[in-house]
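Could you build the full structure based on these sequences and the hints that come with them?
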Amino acid sequence: MEDRFTHESKFGRGGIPKVVRSQIYKRDDYKCIYCGNSFPKDSLTIDHLIPLSAGGLNEMINFVTCCKDCNQKKADKPLNLFSIELNIDIEDLPVYGDPIIDNEKIPIQIRLLRKKLIGKYRKNEIKLSGKTAQKKLEKKFRREFWNTDEGKNLESQFSSLPGHIRVMIPEIQSYAKSEEDFCLLIEMAKSANTRNLINKRLDNFPNLFDFFEKLSNKTNDESLKKRLIQALERYKKKNKKID
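Per this note's numbering, the very first residue in the sequence shown carries number 3; after that it's consecutive.
FYI, nobody ran anything at the bench for these hints, they're computed from the structure. It should be emphasised that the depicted structure is a prediction, and the values quoted were computed from it without experimental measurement. The reader is advised that the hints may include incorrect statements.
Capping the alpha-carbon separation at 20 Å, the derived lysine to any residue pairs in SDA-like fashion look like this [said to hold, decoys possible]:
1. LYS28 / ASN82
2. LYS138 / GLU127
3. LYS70 / ARG29
4. LYS125 / ASP100
5. LYS133 / ASN155
6. LYS216 / TYR177
7. LYS125 / GLN136
Per label pair, the in silico range of CB-to-CB distance [what the hints assert, rightly or not]:
8. ASN222 / GLU127: 27 to 37 Å
9. LYS202 / GLU87: 19 to 29 Å
10. SER40 / THR150: 16 to 26 Å
11. ASN219 / PRO42: 24 to 34 Å
12. LYS227 / LEU54: 28 to 38 Å
13. LYS70 / ASP104: 25 to 35 Å
14. LEU88 / GLN25: 16 to 26 Å
15. ASP91 / ASN149: 18 to 28 Å
Where is the CB? At the ideal position from N, CA and C, for every residue including glycine.
Structure follows, in structure tokens:
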């Protein structure tokens, strides 16, 4: 999710484009997430893990491949009840498209914390609803993260940084190839618009400063352009970078 910190979550019914369906089927290896059996494409459908009627998101993170038989059995049943019928543990179900869980460079304890939090949402133990559902997830993750040893160590080591930046440090460390990159990404983390850019795409660019500078010149998003320029200027001032 490339707009993770500014994302307006989608609720309610809406058609799933054919190309998205194909992506989900391929991602799930053409297997039903519930019974585990493989099926030809025309025998598969898309299920919402958390039913739309229960406030489930109508977007990729809530889409899974499902055979027509399991889909009919599940209908609008809450996932926590349907999982009992199938004798499966909700926490064993994969989570797709999450930037922390998918990032193997991040310590496993942090990734497991994130997966556990999403598991609670799937079990209906916590509510994430409305257009700000993604932001609520980030806020809950941040609160739980500070109670871990990793969170406490970061709080001690980077006490001068605000919490919304400090919580990004494991991700920043996973993408930074140098101390200069680390300092630059800290500046990018200060705004939600530029914080969105701290994702796996950065692995494709050997020079992060050049990447962000070029992006600031070509983007048509005036808000993003402004935040990029501000972050680059702060970085240059602090690091006395000479053009």
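Hints versus structure:
no.: 1; hint: LYS28 / ASN82; result: violated (26 Å)
no.: 2; hint: LYS138 / GLU127; result: holds (14 Å)
no.: 3; hint: LYS70 / ARG29; result: holds (18 Å)
no.: 4; hint: LYS125 / ASP100; result: holds (18 Å)
no.: 5; hint: LYS133 / ASN155; result: violated (33 Å)
no.: 6; hint: LYS216 / TYR177; result: holds (18 Å)
no.: 7; hint: LYS125 / GLN136; result: holds (17 Å)
no.: 8; hint: ASN222 / GLU127: 27 to 37 Å; result: violated (42 Å)
no.: 9; hint: LYS202 / GLU87: 19 to 29 Å; result: violated (36 Å)
no.: 10; hint: SER40 / THR150: 16 to 26 Å; result: violated (38 Å)
no.: 11; hint: ASN219 / PRO42: 24 to 34 Å; result: violated (48 Å)
no.: 12; hint: LYS227 / LEU54: 28 to 38 Å; result: holds (36 Å)
no.: 13; hint: LYS70 / ASP104: 25 to 35 Å; result: holds (29 Å)
no.: 14; hint: LEU88 / GLN25: 16 to 26 Å; result: holds (25 Å)
no.: 15; hint: ASP91 / ASN149: 18 to 28 Å; result: holds (24 Å)
In this structure, the hints that do not hold are numbers 1, 5, 8, 9, 10, 11, in rising order.
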